[in-house]
Amino acid sequence: LFNSLNISLSQSNVFGAAGLLYPLLGACLWAAVVGYKPVIIVHGLFDSSGDFKNLQRFINESHPGTNVTVIDLFDRSASLQPMWKQVEGFKAAIYPIMQNAADGVHFICYSQGGLVCRGILSTLSDHNVESFISLSSPQAGQYGDTDYLRYLFPQFVKSNLYHLCYTSIGQRISICNYWNDPHHRDLYVNSSDYLALLNSERSNPNSTEWKKNFLKIKKLVLIGGPDDGVITPWQSSQFGFYDDNETVVEMQHQDIYLRDVFGLKTLAARGDLIICSVPGVEHVFWHSNETVFHMCMEKWLV
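The sequence shown begins at 348 in this note's numbering and counts up by one.
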């Protein structure tokens, strides 16, 4: 063959060239075959898409070629809009990305965004989300005197915010949609237009359909930690919450888990519920902490 092509290469050169060429071809073929699924990032309270550059870089360094989209909606003060309004807005922006991803997509949803994503997953019957990564999100609700609370409601503390949140006016503010006062449980259940419905803590005619939709995810990854400083209690990021004595009851002992109202117990039985707790991370640094990415997210974004 070499003679017919008038190529004079020594045998060692041929093998040397092949030794370089074959791994290169193999890498190209591997990249073409693997094709990482698109990643969709939903931000939290007072954030914007520009806050997630580090997370985008982590993803693209570990999984080159991944299509990463940070949804640029309800930024900054607009993130105080009612949760259902945000669900519909984010859903409209995300749905075309899903439709163009035959093999599915991944969600990384930070802080309040984790509750937005739950709303999308519950109400969108044909979603194709593989991994839902909930990054320090108040999944069981929020009840704490934080800097956010003092900034938003300077005249209130956690013990009296229910006077505002559990009214029709209060329910027009996102944080009130998941404010969960353990000392006024009945008011929360009857007044919360968002979290109490998502958790089927109030009678919800859509609960069976929402559970079916939510369980289409392949993995639920719940990330949080004891030094968060904003999500209160921090265990809410993993569906733990206060009882009426403000003692934290872990997820496995919560009524929403035991009754499997929207699928947590089913996910655990399937082996698809992952808990990742990381100490030493303050709330605003979860999405820019490379250790958190490698420990809790990287392996689920394939």
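Read the hints as simulated data drawn from the structure, not as lab findings.
There's no promise every hint is true.
To be verified - Computed spacing ranges between beta-carbons, pair by pair:
id: 1; residue 1: S550; residue 2: E637; range: 36 to 46 Å
id: 2; residue 1: Q502; residue 2: P411; range: 44 to 54 Å
id: 3; residue 1: P552; residue 2: N401; range: 38 to 48 Å
id: 4; residue 1: V504; residue 2: T416; range: 31 to 41 Å
id: 5; residue 1: D607; residue 2: K400; range: 12 to 22 Å
In this text the structure is predicted, and so the values were computed from the model without any measurement.
Where a beta carbon is used, it is the ideal one built from N, C-alpha and C, also for glycine.
Hint check for E637 and S550 - Cβ pair distance inside 36 to 46 Å: holds (44 Å)
Beta-carbon spacing of P552 to N401 - inside the hinted bounds 38 to 48 Å or not: holds (42 Å)
Cβ distance range 12 to 22 Å for D607 and K400, holds or violated: For D607 and K400 the Cβ distance comes to about 38 Å; the hint is violated.
Q502 paired with P411, Cβ distance criterion 44 to 54 Å: Hint holds: Cβ distance 51 Å, inside 44 to 54 Å.
Consistency of beta-carbon spacing, T416 to V504, with hint 31 to 41 Å: Taking Cβ atoms as reference, V504 and T416 lie about 38 Å apart, which means the hint holds.
The structure fails hint 5 only (numbered hints given earlier).
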